[in-house]
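Work the whole structure out from these sequences, hints included.
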Amino acid sequence: MPVLESGSVRQAWVKAQGGPVTLRLTATNLLAVGARGRLYTPKAQGQTPIGPSITLGSDGAPVTLEPAAAELDTLELHIRFRACAMHEHLDEGEVELHVMQDNQYCPLSRPTRWERKVPFCQSNKAYTWPLILAFHAVAP
Amino acid sequence: MPLRLLRRLLLALSLGLLPVAHAQDEPLNAYDFILDYAVPESPAFAALGVTPSGVLSGSAAKPLAVHFLDQFLTRGALRPDLALDVVPYVLAGGGFQSLDAYTGNRFRQLAANTQFSLGTASVEGDTASVRLGWGIRVSLLDARDPLRSRRWGPELQRRLIAALTPPDDGPIGEDEGEGVVEVPGLSAIYDEVIEEMRQEAGAALAAGFGQAVLVRGSVASLDSMEVLSNTAWVAGQWYTGLGFDFLGMLQGRTGPAFDDEIRIGVGVEGGTATTEVAGEVVYTTAAARFDYGLHATLGLLRNVKLVTAIGTMSEHLVSDGPPRLHVSAKVLYNLSEY
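Protein chains in written order, with my numbering: chain A, 1 to 140; chain B, 1001 to 1338.
Hints were generated in silico from the structure; no laboratory data involved.
In this text, a Cβ means the ideal position worked out from N, Cα and C, and glycines have one as well.
Treat the hints with care, as some may be off.
Reference listing, derived: stretches of chain A covered by chain B, where coverage requires no fewer than 3 residues with Cβ under 8 Å from a Cβ of chain B [said to hold, decoys possible]: (1) 30-38; (2) 47-56; (3) 118-129.
The following block contains the structure:
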């Protein structure tokens, strides 16, 4: 699946016509990651929230977005991530967002990889970063 | 980081027994899921016969611990004994990419729970000589090690994820960046999990072997060294989940310095994560006698504990006289913890 990046906005072409979008967040190296996202109309259209906010966790449990199919190609999913290391000595880790396409999960965002230490969870600190996914529905 | 440097230094000094090949591509430290703070007796002290407790623990090994033992009330002089316990696999950075990679690999489980130890003990009535001890101990199972539990590791992760989930702060602004933020309450989740684990019943089992050597004149040459004893033991523990645990131990010792003997010990201990009191009774075949002991563990800091013990157990390696009361105190510095 083609993915482009521009700053914190990643444009993803998702074959989403006619159905919901199912997302899954995974993390390696026993990172604990919490994420919350919400669909918005683009800024030019007032950034109106669509539907309730969703939570994603690095335990791999899927989350399904159910906007109207006609709306999806004009919406953005705004996600904030917070991650911490479940052990003291983690020097790198990866977080990846997947989307269900053709009954299988495909990477939606390139792996977010740390080259430096993320905070140890017991320090009561976490690393945070934003991500905006712009959906572009294409014919299946 | 000084602690990391210390670990690497200890790594280099650990008799070349280190599986360094695991260090480069597996950054996860196996120990960091072992939430049981109980540190077992040093295998080197067990080999030297100077452990404060007569019944050894079955709990999981800790990667790096230092024991300072003194029996000044018994000996009438301050002559501390020292032991250093290391788990080479963990100190070398040996680990795994996921919890499943550990729980599904028996070799890694054993490697991460195999402990080597070196220690010294003074010789009663001979200040010019010293006893050296070394030991190896394998923790075969421990119900308070979430690494070997398919429940507690994922449970800790689930709770952390819930606490990490950010609030709904509206659309992301153009100037919103990334960085480190405070998330209060994460540390408390670890404490919660530890306390809940303590309320569960389960078992622990460990086996060990050690050797005690007398070095005459404190000069470690082959001519000046004399093997005193070889000791092997199996120690078990049953966590009742009710605030107290049962201990059991079978220990065999042989050597030129005294008659071969078998020790059978049972005990019970209770308390909290930071404070424990235990009572024990040990039967020794060679002397055909029962010994009794009490010991208390007090957490001074999260990783520093004071162990005080009183009992009739003799060290056996140097004194086989009639039972007399021994008092000892030990400071335990668990360098594996913050």
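Subject >> Ascending list of hint numbers which this structure does not respect >> reply: none
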